[in-house]
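Just so you know, the sequences run in chain order A and B.
Quick note: the first sequence uses this note's numbering, first residue 506, plus one each step.
Quick note: the second sequence uses this note's numbering, first residue 47, plus one each step.
Calculated directly from the structure, the hints in this document are not laboratory data.
Label pairs and their calculated CB-CB ranges: (1) B:262 / A:531: 45 to 51 angstroms; (2) B:81 / A:514: 37 to 43 angstroms; (3) B:227 / A:736: 36 to 42 angstroms; (4) A:544 / B:255: 56 to 62 angstroms; (5) A:531 / B:245: 44 to 50 angstroms; (6) B:138 / A:594: 24 to 30 angstroms; (7) A:684 / B:258: 39 to 45 angstroms; (8) A:531 / B:138: 36 to 42 angstroms; (9) B:255 / A:721: 55 to 61 angstroms; (10) B:87 / A:733: 35 to 41 angstroms; (11) A:710 / B:192: 58 to 64 angstroms; (12) B:227 / A:514: 32 to 38 angstroms.
Built from N, CA and C at the ideal position, the CB exists for glycine as well.
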Amino acid sequence: MSFSWRRVGAVLLKELRDYRRNRFILTTMTLVPVIFIIAPLIQLFAANAAANDVHLSARIGLSMIYLLVIPVTVPAVLASYSVVGEREQGTLEPVLTTPIRREELLIGKGLAAFIPAVVASYAVFGLFLAAAAVFAHPTIASAIFSGTHVLVQLLFTPLLAGWAIWVGIAVSTRAGDVRVAQQLGTLASLPPLVVLALVSLNVITASTGLAVALAAGLLVFDLLAWRVVAAMFDRERLVTGRRA
Amino acid sequence: MSAARVTGVTTGQGASTGGSALVVEHLTKRFGDRVALDDVSFDVGYGEVFGFLGPNGAGKTTTVRTLGTLLSPTSGSAVVAGLPLGEKNGPTIRSRISLMSESPGLYLRLTVRENLEFFAGLYELDDTAGRIARALRAVNLADRAHDACGSLSKGLRQRVALARALLTDPAVLFLDEPTSGLDPVATIEVYGLITALRERGVTTFLTTHRLEEAERLCDRVAILNTTLRLIGRPDELRRQLFKRSVEVRLREPLADAATVFGGVGAVEAWEQTPAGYTLTVADPDEAVPALTRALVAADADVLSVTESRHSLEDIYLELIDEDVEATSR
Numbered sequence: 506m507s508f509s510w511r512r513v514g515a516v517l518l519k520e521l522r523d524y525r526r527n528r529f530i531l532t533t534m535t536l537v538p539v540i541f542i543i544a545p546l547i548q549l550f551a552a553n554a555a556a557n558d559v560h561l562s563a564r565i566g567l568s569m570i571y572l573l574v575i576p577v578t579v580p581a582v583l584a585s586y587s588v589v590g591e592r593e594q595g596t597l598e599p600v601l602t603t604p605i606r607r608e609e610l611l612i613g614k615g616l617a618a619f620i621p622a623v624v625a626s627y628a629v630f631g632l633f634l635a636a637a638a639v640f641a642h643p644t645i646a647s648a649i650f651s652g653t654h655v656l657v658q659l660l661f662t663p664l665l666a667g668w669a670i671w672v673g674i675a676v677s678t679r680a681g682d683v684r685v686a687q688q689l690g691t692l693a694s695l696p697p698l699v700v701l702a703l704v705s706l707n708v709i710t711a712s713t714g715l716a717v718a719l720a721a722g723l724l725v726f727d728l729l730a731w732r733v734v735a736a737m738f739d740r741e742r743l744v745t746g747r748r749a
Numbered sequence: 047m048s049a050a051r052v053t054g055v056t057t058g059q060g061a062s063t064g065g066s067a068l069v070v071e072h073l074t075k076r077f078g079d080r081v082a083l084d085d086v087s088f089d090v091g092y093g094e095v096f097g098f099l100g101p102n103g104a105g106k107t108t109t110v111r112t113l114g115t116l117l118s119p120t121s122g123s124a125v126v127a128g129l130p131l132g133e134k135n136g137p138t139i140r141s142r143i144s145l146m147s148e149s150p151g152l153y154l155r156l157t158v159r160e161n162l163e164f165f166a167g168l169y170e171l172d173d174t175a176g177r178i179a180r181a182l183r184a185v186n187l188a189d190r191a192h193d194a195c196g197s198l199s200k201g202l203r204q205r206v207a208l209a210r211a212l213l214t215d216p217a218v219l220f221l222d223e224p225t226s227g228l229d230p231v232a233t234i235e236v237y238g239l240i241t242a243l244r245e246r247g248v249t250t251f252l253t254t255h256r257l258e259e260a261e262r263l264c265d266r267v268a269i270l271n272t273t274l275r276l277i278g279r280p281d282e283l284r285r286q287l288f289k290r291s292v293e294v295r296l297r298e299p300l301a302d303a304a305t306v307f308g309g310v311g312a313v314e315a316w317e318q319t320p321a322g323y324t325l326t327v328a329d330p331d332e333a334v335p336a337l338t339r340a341l342v343a344a345d346a347d348v349l350s351v352t353e354s355r356h357s358l359e360d361i362y363l364e365l366i367d368e369d370v371e372a373t374s375r
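Please model the entire structure based on the sequences and the hints provided.
See below:
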């Protein structure tokens, strides 16, 4: 039996239906964006328009970092719940007895975390840009729109979400319970954000080459990580709690 | 009660003709140092209802999980629905079987229909709506299709899980304790469903603690306690394990029982019980008329002379007792 996108679609649809009715997931998906748009807006309005370019750029960079926490945190929570959560509620075994391949299950779950996370992140970023255009000082708005900030945000949002998802699912396949998985998954998804923070705060000198290298590294990771995570997905261990 | 010594395990042949739905040969599964299943061999014919009995920890669920490709055997082999067990055949085997575990394993926030739609998608079934409607009708849940599974009682959830197992028209249906937690009415309904499946030719592998359930539903049963202890039709097992006997109930005890029973050639041994007498006989059909004549001749007030029927429970307990004794030696 070959890889089936229909089975991937079935997993995706089920996950999205389940998220829609899961109060914890809904609260996380609502609260995290709300929290992480307040901080950048404060940065935006508190910034001194008369400050020098470096200072202004660091301020805007910090705002953007807050916004990039959303595509890391939201999918990390969803992804780290995905396998261990099913195991805890007893639904994993019936799924594993169907013809679904582990790759199909993982990609379905990955997409189900990716889509809402990226949609929420872009929506919040859109709100931030709208607020900047309408309410921010023209100098600051200009600095946001004329620099590479928008491009970086658009590019790194899905790349970081992909990283957080695969790390989260990897943790979820090995964790003993949901809470531990979510804590570890969120923590483990932060490293690329730290690099971006250092760049945005001018600790590491920003350059096109660095941005491209970082983006390319994340892209390669996102495209290949599912194979590693699939290898970690051990049916026997998940069903019995013991290694095969 | 006298029990014949169990000297070995017969690898009973499948009840129906037309090949075997399951062929298990020397299957062993270890978890570290612990042996969950040891050198188990049996086969199940297409269309057969096969009961798998054993105490907790006997390896029943491990067997089901192994045959369902969830676990890899440590050694031995099996053919499931015509395909050898192995990593490569896993998805195809799983497309030919259905497995209903003891816990329903439903998504409680989703409706009954959404749960079934999800599994229909995983099996890539056509005519999803029609199949779901038929499966729900089969378990009498057509009117609950739009209810969230979380709002259903345990019994109703179990029925949804059964509907899920029926969605695919499986060649082999594994039912792991299907009536666990069900009330008597729901239990009877599940029995009816299993009987109907047998009439449709679905091979059913039923693990259960309920011995009367196995006796009522199964063509053959196997008793497992890490190793396979016994396999066969319930009546064959009775004959294999217990000598045949006749129960005699009288209004008053006999004055000279030895003379009366000693005069009947078919009686091999006898003992007095609080209810009357238990006689070991070679053939009850021959012994009962002769005994009745002898009792009447001895002027006894006969209340009943009947063949003793050992239940599957007697067989099961006898075997498990033997294992306990062997372990404690």
